[in-house]
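Could you slot chain B onto chain A? The hints should help.
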Amino acid sequence: MKILVLISNVPDTTTKIRFTGDNTAFDTSGVQWIINPWDELALTRAVELKEAGAVEKVVVANVGEKITEPTLRKALAVGADEAIRVDTEPKDSYFVAKQLAQVAKDFDIILAGIEASDYNGSAVGGMLAEILDIASVSAVSGLNIENGELSVNRDIDGGSQVLSINTPVVLIVQKGIAKEPRIPAMRGIMMARKKPLNVVPAVDAEPRTKFVKFELPPPKAACKMVDEDNAKELIRLLHEEAKVI
Amino acid sequence: MNFDLTEEQQMIRDTVREFAEREVKPVASELDKKQEFSYDLTKKMGELGLFGMNVPHEYGGQGMDTLSYIIAVEEIARVDGSTAATLAAHNSLGISPLLEYGTEEQKHKYIPQLCTGEALWSFGLTEPEAGSDSRGTKTTAKLVDNEWVINGSKIFITNGATKITKGCTVQAVTGVKDGKKIFSTIIVETGTPGFTQKVMHDKMMWRASNTAELYFDDARVPAGNLLGKEGEGSHIMLHTLDGGRLSIGAMGLGLAQGAFEMALEYAKERKQFGKPLTKFQINAFKLADMALKIELARNLLYKACWLKDNGRPYGKEAAMSKLYCSEVANEVAYEAQQIHGGYGLMKDYDIERFYRDQRLLQIGEGTSEIQRLVISRHIGC
Chain A
266 MKILVLISNV
276 PDTTTKIRFT
286 GDNTAFDTSG
296 VQWIINPWDE
306 LALTRAVELK
316 EAGAVEKVVV
326 ANVGEKITEP
336 TLRKALAVGA
346 DEAIRVDTEP
356 KDSYFVAKQL
366 AQVAKDFDII
376 LAGIEASDYN
386 GSAVGGMLAE
396 ILDIASVSAV
406 SGLNIENGEL
416 SVNRDIDGGS
426 QVLSINTPVV
436 LIVQKGIAKE
446 PRIPAMRGIM
456 MARKKPLNVV
466 PAVDAEPRTK
476 FVKFELPPPK
486 AACKMVDEDN
496 AKELIRLLHE
506 EAKVI
Chain B
165 MNFDLTEEQQ
175 MIRDTVREFA
185 EREVKPVASE
195 LDKKQEFSYD
205 LTKKMGELGL
215 FGMNVPHEYG
225 GQGMDTLSYI
235 IAVEEIARVD
245 GSTAATLAAH
255 NSLGISPLLE
265 YGTEEQKHKY
275 IPQLCTGEAL
285 WSFGLTEPEA
295 GSDSRGTKTT
305 AKLVDNEWVI
315 NGSKIFITNG
325 ATKITKGCTV
335 QAVTGVKDGK
345 KIFSTIIVET
355 GTPGFTQKVM
365 HDKMMWRASN
375 TAELYFDDAR
385 VPAGNLLGKE
395 GEGSHIMLHT
405 LDGGRLSIGA
415 MGLGLAQGAF
425 EMALEYAKER
435 KQFGKPLTKF
445 QINAFKLADM
455 ALKIELARNL
465 LYKACWLKDN
475 GRPYGKEAAM
485 SKLYCSEVAN
495 EVAYEAQQIH
505 GGYGLMKDYD
515 IERFYRDQRL
525 LQIGEGTSEI
535 QRLVISRHIG
545 C
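Read top to bottom, the protein sequences are chains A and B.
Take 266 as the starting number for the first sequence in the working numbering and just add one per residue.
Take 165 as the starting number for the second sequence in the working numbering and just add one per residue.
Hints are computed from structural coordinates only; laboratory data are not their basis.
Treat each hint with caution, since some may be false.
[As the list claims (entries may be wrong)] In silico DSS-like pairs for lysine-lysine, Cα to Cα no more than 27 Å straight-line:
#	chain 1	residue 1	chain 2	residue 2
1	A	444	B	208
2	A	281	B	439
3	A	281	A	331
[Stated by the list, open to error] Stretch-level coverage of chain B by chain A, calculated; a stretch enters the list once three of its residues show a Cβ under 8 Å from a Cβ in chain A:
#	region
4	181-192
5	202-216
6	223-229
7	530-539
Every residue, glycine too, gets a C-beta built ideally from N, C-alpha and C.
Pulled out of the complex, with its shape left as it was, chain A reads as follows:
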């Protein structure tokens, strides 16, 4: 059984967000890039399954330019066997899904994070399944493989659901798929250099959306402290200023 883990290269969550080009593009200068946190959990689970002997091979794939290679190397250091980079700037979810479709054909399981922490599109996994014409399961919070049979846990309103799924399948995974993201060991870092990182050219695809404008949220107002014995003032502020009661 072979797993493909889709890896999105995203800015570190503590990055100060700035824009260029009259607020139409994200300013990438000085940004520290990381593996999208949900993808990192997916990768962790994939590597665990490989170590348990349930999976033969774990491959990671990303759509991005050369700057995303350190992120892919980290995925290799964590334990993926191979990496694929589709060499183009990711433009929108459809465009990315089209690019991934060309490299995702020969896998039994494709793991996609439920969203990427940059644009939070939550669309690539579903689109990819559609393009490949295979099944997809969303909101997956657990994956087990026994004797080649997949058992998948989903969180649903007020409870959870266990599904048995045929492969090939796209699993769109969220928190819970692995306990915590795995930190690569020193040995993994040294081995990562020797593992293949294949660069493939992009296929023709027209993005379906384009960025018109970015806006930063309004700055947070200062916190107002109200004396503990002045409940009336607190109620007045909540009513007249915050307008929540």
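Positioned in the frame of chain A, the structure of chain B alone reads:
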């Protein structure tokens, strides 16, 4: 000139930082309070591969360069001095002399286990009456019936008495020639009759690291436990300390970095007279000076590592790095605590621990005075 880290070195920094933040930082204060050596963290550092980073693969290590190792020590020291001490002492003083001077048999016997985090090794040099003056060593080893019979004691030995300490490389006087002591280094395994290890308590700093007194009372080990050649002890010691100085430098640099980050964050949040502390020039300039000193310390230390990795002489730069990084740690921790004001004196704030921990760095593995002596000799004084 190229100041970029390699992709691996950058990944090592990110990885060790993540490990330090996730595993070490949350428990460091409590371990310090309880004076508790953490076997759990030691094991986890072993699993991560932080022991034996410079050891070739064939002996169970990672085969990485000096700079990679120094970055790892720096990142651990950025959150905790005690844990960094365990790491740096084991690698630089425990493993390193065995690797550099051991016979193939000795290397294969001891080193693989020492790279796992399940076993530690110490370096016994300092004695109650032999600190900076290491030639004052009184511990003796006499060859009797093909065995070394060792008598004497050692003090302030890091990792010397944990439950997983498998032994110690001991510096001893093995004879006198032309009125001068002959020094040799001898491998003494834990459990050798006559060899006692005793934990030292109530340290001001590095309270969660293991510091020991070692006693040798007719302790007998096979003649084959000699490390290197007889009479080579001083050379082995000086060479080991050259490498050790880089890791103490890394501890100073990491501590300074951690203290600086705490101070900057605190100064941005803390308001007095209606504005954050950073908006008072006196604090802003203090923070600017800290950043400057840390940058200089890092450049000097990394250059010394580069020299070592490229097979160039690095003794002078190692002494300079140790001296400068440890003094920068002192200055930065002092000002960082000053910025914290009264809160900085409370154990709830990590800066309190950092201020205590930095104090060792100007004393251990060659005092600042000895570093100046080493540098002055290098420049021909």
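Quiz item: Checking against the hints above, which ones are violated?
Solution: Those not satisfied come down to hint 7.
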